[in-house]
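Number of protein chains: 4
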Amino acid sequence: MSFNTFGRVFRFTTWGESHGPALGAVVDGCPPGLTLDEAWIQPFLDARKPGTSKFTTQRREADEVKILSGVFEGKTTGTPISLMIENTDQRSKDYSEVAKAYRPGHADYAYDAKYGFRDYRGGGRSSARETAARVAAGAVARLAIPEVTILAYVSEIGGDRIESFDAGEIRNNPFFCPDQAAAARWEKLVDDARLAGSSLGAVVECVATGVPAGWGAPLYGKLDADLAAAMMGINAVKGVEIGEGFNAARLRGEENADPMRPGAGGSPEFDANHAGGIAGGISTGQPVVVRVAFKPTSSILIPQPTITREGEATELATKGRHDPCVGIRGVPVVEAMMALVLADHKLLHRAQVG
Amino acid sequence: MSFNTFGRVFRFTTWGESHGPALGAVVDGCPPGLTLDEAWIQPFLDARKPGTSKFTTQRREADEVKILSGVFEGKTTGTPISLMIENTDQRSKDYSEVAKAYRPGHADYAYDAKYGFRDYRGGGRSSARETAARVAAGAVARLAIPEVTILAYVSEIGGDRIESFDAGEIRNNPFFCPDQAAAARWEKLVDDARLAGSSLGAVVECVATGVPAGWGAPLYGKLDADLAAAMMGINAVKGVEIGEGFNAARLRGEENADPMRPGAGGSPEFDANHAGGIAGGISTGQPVVVRVAFKPTSSILIPQPTITREGEATELATKGRHDPCVGIRGVPVVEAMMALVLADHKLLHRAQVG
Amino acid sequence: MSFNTFGRVFRFTTWGESHGPALGAVVDGCPPGLTLDEAWIQPFLDARKPGTSKFTTQRREADEVKILSGVFEGKTTGTPISLMIENTDQRSKDYSEVAKAYRPGHADYAYDAKYGFRDYRGGGRSSARETAARVAAGAVARLAIPEVTILAYVSEIGGDRIESFDAGEIRNNPFFCPDQAAAARWEKLVDDARLAGSSLGAVVECVATGVPAGWGAPLYGKLDADLAAAMMGINAVKGVEIGEGFNAARLRGEENADPMRPGAGGSPEFDANHAGGIAGGISTGQPVVVRVAFKPTSSILIPQPTITREGEATELATKGRHDPCVGIRGVPVVEAMMALVLADHKLLHRAQVG
Amino acid sequence: MSFNTFGRVFRFTTWGESHGPALGAVVDGCPPGLTLDEAWIQPFLDARKPGTSKFTTQRREADEVKILSGVFEGKTTGTPISLMIENTDQRSKDYSEVAKAYRPGHADYAYDAKYGFRDYRGGGRSSARETAARVAAGAVARLAIPEVTILAYVSEIGGDRIESFDAGEIRNNPFFCPDQAAAARWEKLVDDARLAGSSLGAVVECVATGVPAGWGAPLYGKLDADLAAAMMGINAVKGVEIGEGFNAARLRGEENADPMRPGAGGSPEFDANHAGGIAGGISTGQPVVVRVAFKPTSSILIPQPTITREGEATELATKGRHDPCVGIRGVPVVEAMMALVLADHKLLHRAQVG
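Residue numbers (the numbering used here), protein chains in the order written: chain A, 1 to 354; chain B, 1 to 354; chain C, 1 to 354; chain D, 1 to 354.
To be clear, the hints were calculated from the coordinates, so they are not data collected in a lab. Just so you know, not all the hints are guaranteed correct.
One copy or two, either will do: identical chains are not told apart, so a pair holds if it fits within one copy or between any two.
As a list, the in silico SDA-like pairs of lysine to any residue whose alpha-carbon atoms are at most 20 angstroms apart [stated by the list, open to error]:
| no. | residue 1 | residue 2 |
| --- | --- | --- |
| 1 | Lys93 | Ser127 |
| 2 | Lys319 | Arg309 |
| 3 | Lys188 | Glu269 |
| 4 | Lys66 | Gln90 |
| 5 | Lys66 | Pro21 |
| 6 | Lys75 | Pro21 |
| 7 | Lys49 | Ser18 |
| 8 | Lys75 | Gly265 |
| 9 | Lys100 | Pro259 |
| 10 | Lys75 | Gly116 |
| 11 | Lys93 | Glu255 |
| 12 | Lys66 | Ala317 |
| 13 | Lys319 | Pro50 |
| 14 | Lys54 | Ala39 |
| 15 | Lys319 | Pro174 |
| 16 | Lys188 | Gln90 |
| 17 | Lys75 | Thr209 |
| 18 | Lys100 | Thr57 |
Fair warning: this is a prediction, and the values are worked out from it, not measured in the lab.
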């Protein structure tokens with residue numbers, strides 16, 4: 001089954017393919033009376049937009065969003081908000097090769113196995129272009145959670161980690177990197193991979209501050225479970241951690257504890273945040289911390305053995321435009337998914353508890 | 001909002017607390033005509049059962065399941081299957097301390113912040129006892145996917161990894177460990193932690209073989225996204241990986257590729273399985289591989305600073321029975337969640353594609 | 001697919017068959033802190049209980065409910081509330097006839113066509129006994145909507161309508177009839193049908209007062225659409241009307257209008273309530289009015305032509321215990337479904353609008 | 001909460017307002033490989049299109065649909081199908097009156113009570129224009145159920161019923177009326193109401209033949225319950241009946257029975273279809289029969305007492321374009337909802353039963 005809706009009460013549905021006329025999202029369940037126009041959404045799309053540096057795909061898309069419904073006199077009405085982004089750079093290209101054979105690591109074979117055929121132009125529905133719709137929807141979600149600040153960044157590319165953190169640096173380099181020195185190293189690292197026709201993986205971290213204690217839902221709508229689904233559903237993601245993540249498996253109980261002390265204003269103060277702001281599926285009031293692993297782009301110029309649709313052996317190198325490190329542009333997407341999950345859980349919480 | 005249902009067409013709903021009279025699951029959407037009785041479910045529960053070695057909690061529960069509906073003359077009827085497990089060892093204990101103060105790392109504070117109060121006896125709804133309901137439901141799910149074999153095991157405790165793999169060893173030791181030498185080391189490791197009043201984390205791996213290509217659903221009901229939600233929703237889990245997971249972020253595109261070659265019977269043969277059997281959210285026919293990080297049990301005898309319900313400083317050590325390494329008993333739970341997700345996706349696939 | 005869950009944020013799942021050991025409901029999403037015990041639920045079950053007069057089935061069931069989870073120290077905790085009712089009068093009976101042939105008007109043939117076989121004892125899952133679970137769940141729902149008063153009654157049996165309305169009369173007769181004279185006529189009417197081995201249909205009306213303006217949801221979660229689904233999903237129901245219902249199709253626009261005037265306390269006063277308290281899928285603050293048609297019980301002693309499971313012609317008369325007018329006991333069930341829908345929409349409304 | 005998605009596995013989400021730039025639907029879960037283009041959908045939209053006779057609103061809309069995604073080389077791909085219809089005749093009009101006061105019988109007051117404000121232009125989201133999106137989605141749904149034939153017609157206007165049935169007549173008159181004589185009477189009836197500035201209600205019947213036995217789902221996803229929700233969710237609908245409907249409440253058990261006899265090809269033959277093709281929530285193989293009551297259009301030229309947004313008394317007559325009998329154009333909408341429900345249940349059935 002196709003299933004293109006996410007969320008329980010703050011929901012969105014996306015549609016569109018890489019080379020169709022447009023793509024979009026329908027955001028449903030948004031609270032009424034929020035100030036919304038295209039100008040609010042556009043900067044988030046611009047941050048994700050391809051073609052802005054040599055470290056991303058050279059496809060040129062304006063990624064201009066149009067609001068087609070759900071807003072009246074500059075405010076959300078509470079009815080569905082339809083967001084559309086037209087595709088403008090579906091470059092005429094020869095797709096005969098990719099139509100006939102499966103790109104290793106791509107969804108080509110799996111789509112054919114499921115549906116019997118596929119829209120092979122630019123990856124069709126499995127293209128990273130779909131994430132533009134998530135980013136647009138995420139911009140709307142932010143309006144529903146003004147108390148929350150969301151910040152994502154790349155913490156690692158090709159195994160090279162950041163060693164310092166300066167939030168002010170994140171938008172100063174093409175990598176969303178909070179460490180000036182790491183950003184400088186990554187310029188060469190990513191460019192070398194690009195020139196070699198290869199690609200690199202990356203780790204994106206995302207921190208949401210201002211989430212009050214109490215959002216989330218035991219036991220099958222846990223905040224962390226929904227975040228895991230949200231992040232693992234992004235193209236190219238292979239791993240998700242909350243707080244200490246896999247490292248927690250290597251700590252002893254007393255090392256992983258988050259002791260509490262009386263804090264200002266009645267809320268507790270925590271000595272640590274190994275839990276990443278979530279206990280028992282419910283937010284604790286600490287920052288919510290998620291870490292997401294992006295695999296290296298499967299589209300590489302280095303030929304790989306593969307098979308044709310008829311099952312015969314062949315070799316394939318993915319020509320054309322691609323991101324040498326798709327994790328970089330994952331930053332605005334991870335932020336959007338965080339916003340969408342939190343908006344949903346804020347509304348769910350007040351549904352039950354008032 | 002409370003949300004205790006999982007799945008889309010093969011669904012289950014769990015209920016029950018640690019110290020209530022019983023707990024259970026209602027399995028809905030199960031195909032009709034499958035042979036089911038209590039004897040089929042019981043061994044899965046027995047594998048999860050506490051009190052079987054000194055490496056698990058000493059609570060003694062028979063964990064006997066009763067089927068209350070949905071089965072007639074030994075076969076599933078297609079209507080809801082109600083499974084109930086009575087609690088028999090809710091030892092009379094003094095809960096006054098835990099009623100008054102929050103155990104660090106536990107859900108105590110978050111539940112109070114959300115609901116205003118909580119059932120503090122044994123952790124209430126946030127107790128690992130709830131996983132018995134998942135295991136029972138998972139046993140039913142296995143009937144719907146006879147083509148699939150699911151095998152989980154502990155690959156790492158307290159940072160000590162297995163170095164060899166022998167499936168036959170897994171049930172020969174109290175750790176579900178496939179490496180005899182590691183199991184021997186872990187005896188001392190876990191016992192030392194237990195005696196020190198501490199606890200250890202663990203990593204559980206799960207492999208499902210026999211999953212045909214084509215299960216899963218782009219883009220918000222991806223097989224990997226649903227697996228991530230399923231696993232992250234288990235108590236104490238802080239990380240989930242599919243296939244290469246976080247390591248994929250450290251590989252180059254050509255290292256992470258899964259080249260294909262013509263295989264027997266029309267299906268391709270893959271040179272590698274970095275993808276963990278899922279591409280674009282859809283199964284590829286390779287084994288589905290998931291890795292799950294369990295944090296060390298938060299219940300430790302080493303006192304931690306914390307606060308009372310009134311917000312005053314205090315110290316708390318969790319007395320009473322606890323698992324020194326809760327990840328161990330996570331093995332049957334991870335297997336159950338894998339079965340439940342796969343059963344759902346098998347049915348979803350045939351809903352859309354026939 | 002089997003689908004036994006109803007509701008969006010205030011949800012319940014029912015399970016159980018006529019002749020299994022028990023039946024029940026799991027209520028999920030209930031607000032925390034509400035005072036709940038078995039004594040609150042029992043009177044609602046007693047109102048639905050069979051065997052209380054000669055006008056209902058002679059099956060004797062105590063219908064005692066047990067709360068198995070979700071309540072602590074007399075209050076709902078916000079986690080799932082498991083309600084169980086044991087079956088005590090599954091009289092040993094010869095089911096060989098009904099096992100072999102299909103009772104006309106019953107679900108027997110449809111179940112076999114869908115599932116390949118069926119639990120034929122007392123109708124299995126399609127038995128009206130299932131409605132006990134709805135009534136128990138509905139009693140919980142009422143706690144979430146203390147501002148609302150729900151009142152249902154029988155307005156018509158076998159085509160004989162009430163001509164006056166006195167709410168105080170409703171519980172004074174075995175028919176939930178608000179008209180003393182009609183109740184007297186119905187005694188003979190229903191008894192004659194019973195003695196003739198026949199059965200009668202009925203119309204149940206339900207009025208909810210105190211519903212504030214604003215509950216409901218355009219456009220596919222409309223309050224009236226959800227009420228229609230809730231009522232049509234009750235056994236034996238064949239029609240649902242809101243407000244003027246089918247009669248609205250026979251009125252002119254000016255006759256069907258509900259003119260508004262300034263009312264006390266800022267709310268409008270309406271000159272009429274043809275709309276039944278719902279406009280555009282959203283409550284208007286007027287009483288919500290629903291009318292539900294119950295067909296005559298299909299189980300009659302008058303033999304009907306039918307076929308066997310092997311497709312051969314035969315005749316069948318339903319022996320044993322049955323309700324001569326199943327609509328009568330539908331009154332508490334209709335009230336329960338009204339409460340469940342309203343509780344869900346109250347929570348949904350505050351989810352979006354706060 | 002806003003909730004604009006309908007269906008479980010074959011789902012659609014609609015968006016758009018009367019006077020926005022466009023409206024549309026996203027169809028998700030559609031089986032792959034079905035032949036689909038705009039030309040298939042257009043005739044269904046044309047049947048619903050306003051402005052085709054003096055018996056419908058004079059708003060002129062081309063109602064041209066564009067497929068924006070989910071179709072490749074003329075076939076559905078299994079991914080979401082985005083359908084868009086641009087609004088072209090949002091006539092510049094003075095809405096100041098309706099902005100200030102509530103039209104009686106309309107959703108104006110309820111929307112304001114819920115959301116605090118509303119898009120008052122042409123009724124915004126509550127406009128009957130939204131049904132264009134349903135009709136477009138329904139056209140796609142028909143492709144998934146080629147075995148089924150759906151036929152709806154008007155059986156009654158303003159209390160004047162048809163007395164004969166000729167399917168061939170339905171498209172020969174502007175009323176979708178199967179009775180030539182009734183159609184002639186209705187010309188005068190509807191025109192008189194129109195000239196008097198009044199409006200009339202109508203009853204629409206819909207019959208689906210070819211539905212095999214076994215679709216549907218006990219107990220909360222019953223085929224009849226889903227049909228009731230689908231129909232009651234259409235603008236202006238106030239009542240829904242399955243088969244004999246309310247009349248069943250006036251029949252005796254033996255009159256309402258549908259006796260079975262051995263039929264050709266192993267399927268039973270039924271002597272009657274009082275059940276309307278559904279027993280126990282599951283189709284029986286007989287025609288599925290639904291009857292839907294449309295109230296008279298609330299927009300009438302006859303002034304009605306009402307209140308302003310500030311709560312002051314005033315009078316309002318709805319000027320401008322309106323349908324004198326909105327039930328007429330309900331025919332293609334009822335057919336569409338029938339198709340959407342049946343497609344969903346076909347897929348659900350094969351999900352569970354294979």
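Evaluation of the provided hints:
Taking identical chains as interchangeable, the C-alpha atoms of Lys93 and Ser127 lie at most 20 angstroms apart only when both belong to the same chain, with a minimum of 16 angstroms there against 44 angstroms between chains. Only within a single protomer do Lys319 and Arg309 lie at most 20 angstroms apart by alpha-carbon distance; the minimum there is 19 angstroms, versus 62 angstroms between protomers. Taking identical chains as interchangeable, the C-alpha atoms of Lys188 and Glu269 are never at most 20 angstroms apart, the minima being 42 angstroms within one chain and 36 angstroms between chains. In this assembly of identical chains, Lys66 and Gln90 lie within 20 angstroms of each other by CA distance both inside one copy and across copies; the values are 19 angstroms within and 19 angstroms between.
When the C-alpha separation of Lys66 and Pro21 is checked against a cutoff of 20 angstroms, the pair qualifies both within a copy, at 14 angstroms, and between copies, at 10 angstroms. Taking the shortest Cα distances, Lys75 and Pro21 sit within 20 angstroms of each other only across copies (16 angstroms), while inside one copy they are farther apart (28 angstroms). When the C-alpha separation of Lys49 and Ser18 is checked against a cutoff of 20 angstroms, the pair qualifies only within one copy, where the shortest distance is 14 angstroms, while the shortest distance between copies is 33 angstroms. In this homomeric assembly, Lys75 and Gly265 never come within 20 angstroms of each other (Cα to Cα): the closest approach is 34 angstroms inside a single copy and 28 angstroms across copies.
Proximity of Lys100 to Pro259 under the C-alpha cut-off of 20 angstroms is restricted to the inter-copy arrangement: shortest distance 16 angstroms between copies versus 58 angstroms within a copy. In this homomeric assembly, Lys75 and Gly116 come within 20 angstroms of each other (Cα to Cα) only across copies, at 11 angstroms, whereas the closest approach inside a single copy is 44 angstroms. Within a single copy, Lys93 and Glu255 get their C-alpha atoms no closer than 56 angstroms, and across copies no closer than 28 angstroms, so neither meets the 20 angstroms cut-off. Within a single copy, Lys66 and Ala317 get their C-alpha atoms no closer than 36 angstroms, and across copies no closer than 35 angstroms, so neither meets the 20 angstroms cut-off.
For a Cα distance limit of 20 angstroms, the shortest separation of Lys319 from Pro50 inside one copy, 17 angstroms, qualifies, whereas the shortest one across copies, 50 angstroms, does not. For a Cα distance limit of 20 angstroms, the shortest separation of Lys54 from Ala39 qualifies neither inside one copy, at 26 angstroms, nor across copies, at 43 angstroms. Taking CA atoms no more than 20 angstroms apart as the test, Lys319 paired with Pro174 passes in neither setting, with 23 angstroms inside one copy and 52 angstroms between copies. In this assembly of identical chains, the alpha carbons of Lys188 and Gln90 never lie at most 20 angstroms apart, being 29 angstroms within a copy and 56 angstroms across copies at closest.
Taking the shortest alpha-carbon separations for Lys75 and Thr209, neither the intra-copy value of 26 angstroms nor the inter-copy value of 33 angstroms comes in at or below 20 angstroms. Taking the shortest alpha-carbon separations for Lys100 and Thr57, neither the intra-copy value of 24 angstroms nor the inter-copy value of 52 angstroms comes in at or below 20 angstroms.
In the structure shown, a violation is registered for the earlier hints numbered 3, 8, 11, 12, 14, 15, 16, 17, 18, in ascending order.
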